[in-house]
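Participant: Work out the full structure: start from the sequences and follow the hints.
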Amino acid sequence: MLSLIRYLKNNKAQSVIAPLFKLTEAIFELLVPLIMADIIDVGVANADSGYILKRGAVLVLLGILGLACSLTAQYFAAVAAFGFGTALRTDVYKHIGSLSYAEIDRIGGSTLINRITSDINLAQDGVNRFLRLFMRSPFIVAGAVIMAFTVSVRLSLIFVVAVPALGLVIYLIMRANLPRYKLIQQKLDGVTQSVRENLSGARVIRAFSAQEREKREFYGKTKSLEQSQVSVGRISALLNPLTCIIVYAAIITLIWCGGISVNIGGIEQGELIALVSYMTMILTALIAFADLIIFVTKGNASAARISDLLSVQPSVTETASQEVTPEPDAPAVRFENVSFAYSQTEECSLKNISFSLGKGKTLGIIGGTGSGKSTLVNLIPRFYDVTEGRVAVNGADVKSYPTKQLRKMIGIVPQKATLFSGTIRSNMLWGNENASDDEIWQALETAQAREFVEQKPDKLNEGVAQGGKNFSGGQKQRLTIARALVGSPEILILDDSASALDMATDAKLRRALAHRNEKCTTIIVSQRASAVKNADMIIVLDDGECVGMGTHDELLKSCEVYEEICRSQLSDNSKGGGQR
Amino acid sequence: MIQHTDNIDKKHIGGQKNGTLARLLRYVRPYIGVLVLSMICAAATVMCTLYSPLLIGDAVDCIVSKGRVDFEAIKNIMIKLGAVVALGAVFQWIMSTCSNYISYSVIRNLRNECFAKLEKLPLKTIDGTSHGDIVSRIISDAEMVCDGLLLGFSQLFTGIVTIFATIGFMLSLDIKITVVVVILTPLSLFVAKFIADSTFRLFKEQSQVRGEMTGYVNESLSGLKVVKAFSREDISLGEFDEINKKYRKIGVKALFFSSLVNPSTRFINGLVYTGVGIFGAFSAISGGITIGQLSCFLSYANQYTKPFNEISGVVTELQSAMASAQRLFSVIDAQEQPPDRENAVTLDADGRVDIKNVSFSYTPQQRLIEDFNLSVKSGQRIAIVGPTGCGKTTLINLLMRFYDCDSGEILVSGIPVKDIKLDSLRGEYGMVLQETWLKTATVKENIAYGCPDATDEEITAAAKAAHCHSIIKRLPQGYDTVLTDEGALSQGEKQLLCIARVMLRLPPMLILDEATSSIDTRTEIRIQRNFEKMMKGRTSFIVAHRLSTIREADVILVMRDGNIVEQGTHEQLLAKNGFYSELYNSQFAAEG
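Taken in sequence, the protein lines are chains U and S.
So the first sequence is numbered by this note's numbering: it starts at 1 and just counts up by one.
So the second sequence is numbered by this note's numbering: it starts at 581 and just counts up by one.
Hint data in this document are derived by calculation from the structure and do not stem from the laboratory.
Check the hints yourself; a few may be wrong.
As the list claims (entries may be wrong) - These stretches of chain U come out as covered by chain S in the derived footprint (C-beta under 8 Å, 3 or more residues):
#1 44–53
#2 72–82
#3 192–205
#4 239–250
#5 268–277
Unchecked claim - From the derived model, a few chain U residues whose C-beta atoms are all more than 10 Å from chain S:
#6 Leu34
#7 Met36
#8 Leu122
#9 Leu172
#10 Lys519
#11 Cys520
Even for Gly, the Cβ is constructed at its ideal location relative to N, Cα and C.
Facilitator: What follows is the structure, given as structure tokens:
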């Protein structure tokens, strides 16, 4: 929590005023038993009704003042808490935007979403309660003890013993329960996971008729959750009875000693009542405090998670401030002895890759699952930084470019087709804010998407649902290809982005791309040999290593891995051709 | 895209709050003994709590002034007080423990019942409902019901008992002051209600904006890589800030208004306390009550307003608990898939499958399969081809009886599927889907998912046949490595495990839906050989892109826009010069 305290800096005044007003209210509250003691000891004893009414008026006045103070405090606490939450949210969002693919992969999308939504809300709630109550309860306790001292120093010693005893009980119960709460959370996560898994795997579970087994497993998990909950409940249920016993033990002592004191003329009857009132006041304040601690602990856990996220350093940092002027004769993309590992402890995903790709040429990258194809192309727009070696675009190291300039030159179509809610047009404009409708249609045509977009009643204005849910996988892929084309990139990277297309559409797409703008350097990543065989150069990757480089014909002769891939995929073809 | 109209809430029986409460209470019935004990303890606790101020008051009356203190009487009262407090503490602990036990047990039963229901829902419903929604019902809504029950048991009942008992105790002391308290206290209830009503609107608005924000964050962060690829970070931040500011504006208001309740009711409490003080003081002067009784009244005035505040809190809590309970009940009430017929048989499949005049569509508006006929002999290989999204998986849905045909029938080994026990029908198929699903469990458990009794040797053999033995060996704990969501396995490796899962069981019929789509070609060739062995003598339905698989099929079904447009062998279809030949030639051109 402390590390996030700087997010209150825009609301310094409010964060100070709120607890101050709370304290003022508490002072008014602490005065009440004293005034009541006066009413009894002076008003009733002397049968002075004027005095009683006057003191009563004071009580009402204190109530009104207290209300005013506490409303002010609540308002400022709300403003400060939301100021905190809003500033934190913006900052976390900005920070997430600065992370590179390496961190995004490691942390995971759903975690990021949880941090910025529920965690910040919990932390904000914690701040709000903290400002309102955290000062109040200890102050009431301390205040009540002090007030007791003003009434009778000797009798106050009972308070001095009782308050630490109460604190100790609350502390012990909290300490016993906190780790158990964590355990419950873990078990609940397990239950959640079971439900999620059984929904996503409904087909498989039924295919294997494993419903009964899944049910038994789930029942076991809920039973164990229940047992933990009941055991925590049993301990928490001790809090109220134990504190009650301590307070009443104190009250009994108070009355006994108070009786002795009254008997010898030390204090008066009304004062004794006031002391008893203070004791009960302490009880309520401490119980509120125990509740608060649970909330603050929750908020604190969230705050710690947010701090963790904020302390993640992006591995790709922007160092260049000036735009780079490209060298006209340099190759579009050049890799020099590039190695890459996702983390220091892991094995290299790419080992010692070198190649150079001329402007306007087409590069094919082929290889099996996990051979490092995607990793290689992700190094070009600097989504990751190389571990060793150097990647250059247009003759300049990618690290010397401002990332904006670099990424503007490159159009990358990722494996997973992602669209954003809005319209088809709004998605297309991502590539180029100023693209005309004609340009968009042209891109759609090249991407083989024109036909189905034209069939939509609203054409380019057709709505896109969140995540592009209203389009099929193949349609989404074609739209994302078009989106990259709208930006008329110098370098176009297709990272296995036609996998959901059937062979026929895939072939049409490749033909259209080939007949497009000559200047565009194209990199095609694929598992299909047919997709890369016409490329000017093909790189064959196997387990992160480049095992072959050259044209289709050269590789067929020289590269065993490539030959094997082709044989498995294209052999149908020659046979098919023979039959015709 | 498939549009489903079925979802969980369709069968939902409207919002009768009372019905929901009555139904929820039925879940409490098995614990009726515990509940009665809990209520007795609650009442006892309240009596003890209320009796103590009375005793304190009595004690104060024994301490009048200098030299007028009756120590003997005080001693007796104090012993009584000690006993009452100790008893109260014990009762309170028993009460809390009982209500904990009831709430957690009820919630476990509710969760279990919902989960059991999930296993019986037709896939149509599961496909048509957001999974996140069901998860949040079984987790968060159940939690809400639990909180509601807990508060309901511990606070509502005690609250009500406290109010009535306090009135009783006060009446036994003095009628006039009691009237003052009874008239003044409900004020706080009104104030709380007034504030709650006006906050309700603000909260609704707030949760709307929060929903908007979550939606935006969900989308932009799951597409974060694309945002970065297009250097849209700044634009995205701007859009987020817009919503963030809106949230702040409404949030401050909502938070402020909702936090008015406590100070306001505390103020009313103060008024009641003052009222009792003044009235009591006058009464004491006129000798109506003693000072001790006045102090007792003052404590009652404090205690008496507390249950009102608590009850108003509990009522809102209960309302949302009821809403949550309703969401749980609608899961429990969702229509199940029809159970097996009474005389349903256990299948011993010989591999024959006959599809007769089958029609099927997901929605009445969009006709899909119509009057489809196919006769598959034992051991035949059926390939299903067609462009992306043509509905190839629909056929699998029908074969596995994940969905039922609208008309016509499917016969396996000559028996209509509706007359076969569902488990036994599905058990005769081995299925590998494009979407790999693995359980959060060890590798071993996952491979043995179909037959949990498999020996380690059998499991290893299956893994070897699926060419994932060496991959598994490389995992930190080998076959005992627990697979998790993030997991160390790639999509292709997961697919291999799914294949191993089927290899272990080898039923007489196979369904392979792009089973090797994520596996690289070299591994695939090796698996292919085992697939060939596996398919020998088994009827298999294969959704595939690869020509070699397709051409060797006995029957090729060509699908387009959800319809089966052509069927026949490779040669027959080519000769027909229809859609298949168009598909085939375009591919040929692509690869030539």
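Participant: When the structure is checked against the list of hints, which entries are broken? Sort them ascending.
Facilitator: Number 7 only.
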